[in-house]
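In order, the protein sequences belong to chains A and B.
Here the first sequence is numbered in this note's numbering, starting from 131 and rising by one per residue.
Here the second sequence is numbered in this note's numbering, starting from 131 and rising by one per residue.
Note that these hints are calculated values from the structure, not bench results.
A couple of the hints might just be wrong.
[What the hints assert, rightly or not] In silico DSS-like links for lysine-lysine, alpha-carbon gap of 27 angstroms or less: (1) Lys287/B - Lys271/B; (2) Lys228/A - Lys245/B; (3) Lys271/A - Lys194/A; (4) Lys243/B - Lys194/A; (5) Lys245/B - Lys306/A; (6) Lys245/A - Lys194/B; (7) Lys228/B - Lys243/A; (8) Lys306/A - Lys243/B; (9) Lys287/A - Lys243/A; (10) Lys194/A - Lys271/B; (11) Lys194/A - Lys245/B; (12) Lys245/B - Lys243/A; (13) Lys194/B - Lys228/A; (14) Lys271/A - Lys306/A; (15) Lys306/B - Lys271/B; (16) Lys245/A - Lys306/B; (17) Lys243/A - Lys194/B; (18) Lys194/B - Lys287/B; (19) Lys245/A - Lys228/B; (20) Lys243/B - Lys245/A; (21) Lys306/B - Lys243/A; (22) Lys245/A - Lys245/B; (23) Lys243/B - Lys228/A; (24) Lys243/A - Lys243/B; (25) Lys194/A - Lys228/B; (26) Lys243/B - Lys194/B.
Number of protein chains: 2
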Amino acid sequence: MTSTETEEKRSSFPTVIVLAAIVIVVLLTCVPYLVTVALAEEAAERATTDASPIFGVTLPPGYKQWELIAPAEEAAPLDELRAVVGNQTAIDAYQAGKLPFPDGTILVKRAWKRKQSSDFASATVPGAATTVQVMVKDSQKYAATGGWGFGRFINGKPVDEAQHRTCFACHEARVKNRDYVFTRLAP
Amino acid sequence: MTSTETEEKRSSFPTVIVLAAIVIVVLLTCVPYLVTVALAEEAAERATTDASPIFGVTLPPGYKQWELIAPAEEAAPLDELRAVVGNQTAIDAYQAGKLPFPDGTILVKRAWKRKQSSDFASATVPGAATTVQVMVKDSQKYAATGGWGFGRFINGKPVDEAQHRTCFACHEARVKNRDYVFTRLAP
Numbered sequence: 131m132t133s134t135e136t137e138e139k140r141s142s143f144p145t146v147i148v149l150a151a152i153v154i155v156v157l158l159t160c161v162p163y164l165v166t167v168a169l170a171e172e173a174a175e176r177a178t179t180d181a182s183p184i185f186g187v188t189l190p191p192g193y194k195q196w197e198l199i200a201p202a203e204e205a206a207p208l209d210e211l212r213a214v215v216g217n218q219t220a221i222d223a224y225q226a227g228k229l230p231f232p233d234g235t236i237l238v239k240r241a242w243k244r245k246q247s248s249d250f251a252s253a254t255v256p257g258a259a260t261t262v263q264v265m266v267k268d269s270q271k272y273a274a275t276g277g278w279g280f281g282r283f284i285n286g287k288p289v290d291e292a293q294h295r296t297c298f299a300c301h302e303a304r305v306k307n308r309d310y311v312f313t314r315l316a317p
Numbered sequence: 131m132t133s134t135e136t137e138e139k140r141s142s143f144p145t146v147i148v149l150a151a152i153v154i155v156v157l158l159t160c161v162p163y164l165v166t167v168a169l170a171e172e173a174a175e176r177a178t179t180d181a182s183p184i185f186g187v188t189l190p191p192g193y194k195q196w197e198l199i200a201p202a203e204e205a206a207p208l209d210e211l212r213a214v215v216g217n218q219t220a221i222d223a224y225q226a227g228k229l230p231f232p233d234g235t236i237l238v239k240r241a242w243k244r245k246q247s248s249d250f251a252s253a254t255v256p257g258a259a260t261t262v263q264v265m266v267k268d269s270q271k272y273a274a275t276g277g278w279g280f281g282r283f284i285n286g287k288p289v290d291e292a293q294h295r296t297c298f299a300c301h302e303a304r305v306k307n308r309d310y311v312f313t314r315l316a317p
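So that you can see chain A by itself, here it is in the shape it has in the complex:
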């Protein structure tokens, strides 16, 4: 190595460090920002496409793990088996026989086409999943509909606004005296 080469190395070395430092600073500055933007966009898109019209109700995470309130059966033409589950707020209110349900109560009704069991002649079992219907209690936000927000979902997507307009009228006409809730806790 000549003294000239050594000279060149000496002068280029700090440049590399400076460039590396700039790259690191840019990355550390931009990456969290870009991630935040991407997540916000995803959340906004989900809120728009997966929330029910009128009420903005979404499918609550983990509802399949929730405790059973009661099964039910719906005759033709719907011809369904159903199961209503609730979050802990709902279960506590049911067990205490507390009406109206407190804010934060969420009820989810799962439904399936009735299907003859292939294993047992007298048994009817769940066929294809049909709708998932959600009721969320927020006495302020949903004051105009008895404190309840409604969501009706098929394959994870909310049905149209016209269908959502029918929810409260029916609950109000039939079970107003039970805080607009049809399902009773199975004994």
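Based on the hints, put chain B in the right spot on chain A.
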């Protein structure tokens, strides 16, 4: 106070302390023993009266909080709505599509008389609770019955031995290829 009275107090004071100490020692020694005996008797009695004949299966604590596997309907003469729930071992096996079910799996079928809803003409809802039926997987203990122990309960008490003799034969005849389990996970 005379000096004689003081004398008496002096001599009786240690006696009181000694007696109190004896009482405390007796209590501390006996009470835990008596509690243990009482609890053991209670547990033994429960195991005898609340365990199923043949299999010794009991109602698992907290099963009403377990996750739903599927609802079902049973035609007349039983005329029931049903819901099968499972412990976490059961749910994990169902979700993984794993057969046979691992040891520790517990399935519980709750059942109610079908009842016309008083609120909605096309709806059938749970009436009175009828039976609770339990299957417990222990491939060693229940090797003679496909690894499953059975329990059938009415009002928390097991039904008679004759009824328990019918469980496995039916499961074996119809769903041996699904590890003797009728219920499939609802989609």
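Right, here's what the structure says about each hint:
no.	hint	result
1	Lys287/B - Lys271/B	holds (22 angstroms)
2	Lys228/A - Lys245/B	holds (23 angstroms)
3	Lys271/A - Lys194/A	holds (25 angstroms)
4	Lys243/B - Lys194/A	holds (24 angstroms)
5	Lys245/B - Lys306/A	holds (21 angstroms)
6	Lys245/A - Lys194/B	holds (25 angstroms)
7	Lys228/B - Lys243/A	holds (25 angstroms)
8	Lys306/A - Lys243/B	holds (26 angstroms)
9	Lys287/A - Lys243/A	holds (18 angstroms)
10	Lys194/A - Lys271/B	violated (32 angstroms)
11	Lys194/A - Lys245/B	holds (25 angstroms)
12	Lys245/B - Lys243/A	holds (19 angstroms)
13	Lys194/B - Lys228/A	holds (19 angstroms)
14	Lys271/A - Lys306/A	holds (18 angstroms)
15	Lys306/B - Lys271/B	holds (18 angstroms)
16	Lys245/A - Lys306/B	holds (21 angstroms)
17	Lys243/A - Lys194/B	holds (24 angstroms)
18	Lys194/B - Lys287/B	holds (16 angstroms)
19	Lys245/A - Lys228/B	holds (23 angstroms)
20	Lys243/B - Lys245/A	holds (19 angstroms)
21	Lys306/B - Lys243/A	holds (26 angstroms)
22	Lys245/A - Lys245/B	holds (20 angstroms)
23	Lys243/B - Lys228/A	holds (25 angstroms)
24	Lys243/A - Lys243/B	holds (20 angstroms)
25	Lys194/A - Lys228/B	holds (19 angstroms)
26	Lys243/B - Lys194/B	holds (18 angstroms)
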